[in-house]
Amino acid sequence: MTGFAPILRGQEIVERALAISRADSCIVIVNDRTEANLRWASNSLTTNGAMRSRNVAVVSIVDGAVGSVGRSVSSVEELALLVSASERAAREASPAEDVMPLVEAGDPAGAWDEPPAETSIGVFREFAPALGEAFGQAKAADRLLFGFAEHIMTTTFLGTSTGLRLRYDQPTGRVELNGKTGDRARSVWAGVGTRDFSDVDIAALVQQVSGKLDWGSRQVELPAGRYETLLPPTAVADLMVYLYWVAEMREAEQGRTVFSQRGGGTRIGEKLASHSVNLRSDPHEPGLETAPFLATSVSGQGTSVFDNGMPTGRIDWIRDGELRNLVTPRWWAAKSEATPTAYIENLILEDPAGGRSTEEMIAGTERGLLLTTLWYIREVDPQTLLLTGLTRDGVFLIEGGEVTAAVNNYRFNESPVDLLGRMTEVGQSERTLPREWNDYFTRAAMPTLRIPDFNMSSVSPAS
Amino acid sequence: MPEVDAEFTALPLRQLADAALSRARELGAEHADLRVERVRSQNVGLRDARVEYSRDGEEVGLAVRLVHEGTWGFAAGVEMTTEEAVRLAEQAVDVARVSAPVNADRVELADEPVYADATHVSAYDVDPFGVPDPQKLALLTDLCERLFAADGVDHVNASLLAVKENKFYADLAGTTTTQQRVRIVPEFTAVAVDRAQGGFETMRTVNPPVGRGWEYLTGTGWDFEAELAELPELLAARTKAPSVRAGRYDLVIHPSQLWLTIHESIGHATELDRALGYEAAYAGTSFATVDKLNSLQYGSPVMQVTGDRVVEHGLSTIGFDDEGVAGQHWDIVRDGVLVGYQTDRNMARLMNLGRSNGCAFADSSGHVPVQRMANVSLQPATDGPSTEDLISGVEKGLYVVGDKSWSIDMQRYNFQFTAQRFYLIENGRLVGQVRDAAYQATTTDFWGAMEAVGGPQTYELQGSFTCGKAQPGQGAPVSHGCPSALFRGINILNTVTEAGR
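Residue numbers (the numbering used here), protein chains in the order written: chain A, 1 to 463; chain B, 1 to 501.
Mixed in with the good hints there might be a few duds.
Result set (SDA-like, lysine to any residue): computed pairs, CA atoms no more than 20 Å apart in a straight line [said to hold, decoys possible]:
1. 240(B) x 382(A)
2. 335(A) x 240(B)
3. 292(B) x 304(B)
4. 292(B) x 92(A)
5. 335(A) x 292(B)
6. 271(A) x 198(B)
7. 335(A) x 304(B)
8. 240(B) x 92(A)
9. 240(B) x 184(A)
10. 136(B) x 92(A)
Not close to chain B: a few residues of chain A, all C-beta gaps over 12 Å, as computed [what the hints assert, rightly or not]:
11. 68
12. 90
13. 210
14. 217
15. 221
16. 389
FYI, nobody ran anything at the bench for these hints, they're computed from the structure.
In this text the structure is predicted, and so the values were computed from the model without any measurement.
We put the CB at the ideal spot given by N, CA and C, even for glycine.
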């Protein structure tokens, strides 16, 4: 691949913008991003791409008012225009509610001066032929493979007028493999998150997919109703990520979420889960590493531009089954005497006591359903966080400790908060790729959960 | 009539096209196109009548897509130099080469006339990006303040999203197009909190997102002052409303809710890429498979659905798509029978459907064009009934207004929707709102139960600003026009019972 040198380096943009800024304070965030992807359907390529992009956000603060402008900048002239547009926006705005002193500079981040990390289509040079081989095998077995592989490298440079300089290289990768029988009547799925594709074993994914298709050689139709159900890690991840997204302190204190307390206040301190589980985020979690500081060009939804550069460490949202923390920007934390916290881009649910593997949980089930993934999850009632959605790519009947058949799909109506309270077994946590939300959220570790009475509201004829 | 921004046409568009396309030709590409896009956006959020955020964004970039030895290649970058255009053409060929081992289907494109130097600008009066921020923020703040001051309103959330898109396209065949379009969506929500009982309710405006400019906020196409004046009373009525009794009801559905059911159960189901399985691992497939074209009974005989990329103020309206195909208008369902799909050039050729109907586009230069949704609309009945007439024909039913929650399965059979307001109908008359309702049905049963569609006087062009599809994920704006319509015997759930309470 030919090399590429942007006219202005990200670090240079940060320094120049701060130098020419005439605002009271200024925050500059540069995101340099490269990505590569392959997409396939019915054992053949459909789309692909190698993309490069840059976004420069300049947040100016004048008399407590904020001006935020973001653009794709590649020249000094464009940068000057961006800085002045940001200043003008600040001068024209009313004072912000979330004003706080900017975060002071701490230890300089190690590799500030290094060029941005990059990826390229070359990340698939071994993966693509292996995938091509899998297509051949699938074709021979009258099966079809669909899916997507993507690798993204984002380097963030954050600088502020308080002298703070932080840089983070975030690799994000995912592979989704969907297998169907030749007649498309049955469909299954496997997926993984990855940092660099060196750990992606396409043969193992193909194996998982064919194993699940084999499980479906016997099919039974079951009606809607409440079933004992094993929710595997990916399904649990999609439900818990939704719960995480609504876990905001201000909303809860104002009586507007499932975490609001009747009579006022929040449910912090309340036992939500039937088991002593922890739901936590940690930027240093091995294999799920993410930025250990906040970088944002807009306030709102639990975050504040004044918090840029705020260090984020391990935080327990739920500890020993009890709600402990909600997402709270510094200005709101100062009002409500809470600990400032920020959204961290990973999520881990675990029972510190450990738990059985999914296979052992299947073996320990007399009669129940085993799901593969959940899909099209949407909020029906925010008061209880009732969510609806579909089962997708494999519902299996367990009888006498073994999978005996594939079952039709269902629409469910359930609240993840209620599920935490009703679960009767928590399995061993493992790294997993959320199915529905992996466009936004790929870093999760979750256990399989046993729910004694999961609400399958109606049958879906989809396969 | 607005013209394409001079800032955009001042970019070296034709030089970039020449550089990229001649390099692609040298490298043996069968097809190649260059796209340059600039997308301006403004996002404003207000909370309790104070501006919480206002962010102005602009993304500019260029991309080369080509077919090399029958395989697609795509590369995108940000620098507007001929060196970068050449590099992207080379990189796109490299992408095609790496991908060749997984490509089994040779890409060929359906024919389309050449448009030598075409320009298209969407219909709007006032460019939102030409209106000073203080003026925009003052208007939004004023509207919010009045709502926030009303009895029974504890909180107010409001947002505004405005977008201006510029697109330049040139391909090896000789088509060159330059386009500009503008769209806008304001939204206001009133919240009532019952601290003692621990509950809360919301009521949102039901105005559509539109392909218009700032004039939309000042009285053209919608009366925000009137709607906001009614919102507190509607919210208060909801907080006092009884919980719905689950069971079968006849539904009269207003366009502000019905558009979303059309979007999910017809719009997506008649995307040819879904029917062919290209979205199988992600957005899903469709029950409306190509073997059922011209035979599938999609709904009752009163059901007439069209696709178009030309309706004025439509969000999917454009002059030419990202494969150089001109905007068109066609039938999707005629007299209740499936008769058409939304297509792109490769699929149209693959399925022998003739010319593409122009539904290939990307949300920015950073993404590859895929088959996306046209404006898919349910047609009213000429001389058809008013909404009141439809309601008067119902003994026990619900009148459904404003979209809220939505979910549908991966083959577009089973769906569940809630709404801003469900009004109970008894003996042909509205008797007040009910709470906790959701309607659940299977697509063909639901459209088969449509007994009547309203007349043109009930028709509204509603829609979505950000329909999601494809991997990597892309957003797309799309409009859906429809009249009020009457459906018999639809299943209504009580969501509190569903939650096991």
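Hint check:
Proposed proximity of residue 240(B) and residue 382(A) is supported: the alpha carbons are some 18 Å apart, at most 20 Å. Restraint check for residue 335(A) and residue 240(B): the C-alpha separation of about 33 Å exceeds 20 Å, so the hint is violated. With a C-alpha separation of about 17 Å, the suggested pair residue 292(B) and residue 304(B) falls inside the 20 Å cut-off, and the hint holds. The suggested pairing of residue 292(B) with residue 92(A) is violated, with an alpha-carbon distance near 58 Å, which exceeds 20 Å.
Annotation: proposed proximity of residue 335(A) to residue 292(B) is violated, straight-line Cα distance about 61 Å (limit 20 Å). Between residue 271(A) and residue 198(B) the alpha-carbon distance is near 18 Å, which keeps this suggested pair within the 20 Å criterion. Restraint check for residue 335(A) and residue 304(B): not satisfied, since their Cα atoms lie roughly 57 Å apart, outside the 20 Å limit. Between residue 240(B) and residue 92(A) the alpha-carbon distance is near 42 Å, which puts this suggested pair outside the 20 Å criterion.
Annotation: proposed proximity of residue 240(B) to residue 184(A) is violated, straight-line Cα distance about 49 Å (limit 20 Å). Taking the CA atoms of residue 136(B) and residue 92(A), the gap is near 11 Å; set against the 20 Å cutoff, the hint holds. Residue-level check failed: residue 68(A) sits 5 Å from the nearest beta carbon of chain B, not beyond 12 Å. The beta carbon of residue 90(A) sits about 10 Å from the closest Cβ of chain B, which is not more than 12 Å, so the claim that it is off the interface is violated.
Distance check for residue 210(A) against chain B: the nearest CB is about 16 Å away, which clears 12 Å, and the non-interface claim stands. Every Cβ of chain B is farther than 12 Å from the Cβ of residue 217(A); the closest lies at roughly 21 Å, confirming the non-interface assignment. At the 12 Å boundary, the C-beta of residue 221(A) stays outside the reach of chain B, the nearest C-beta of that chain being 15 Å off. Residue placement check: residue 389(A) does not keep its beta carbon more than 12 Å from all beta carbons of chain B (closest about 6 Å).
In summary, the structure is inconsistent with hints 2, 4, 5, 7, 8, 9, 11, 12, 16 from the numbered list given earlier, while agreeing with the others.
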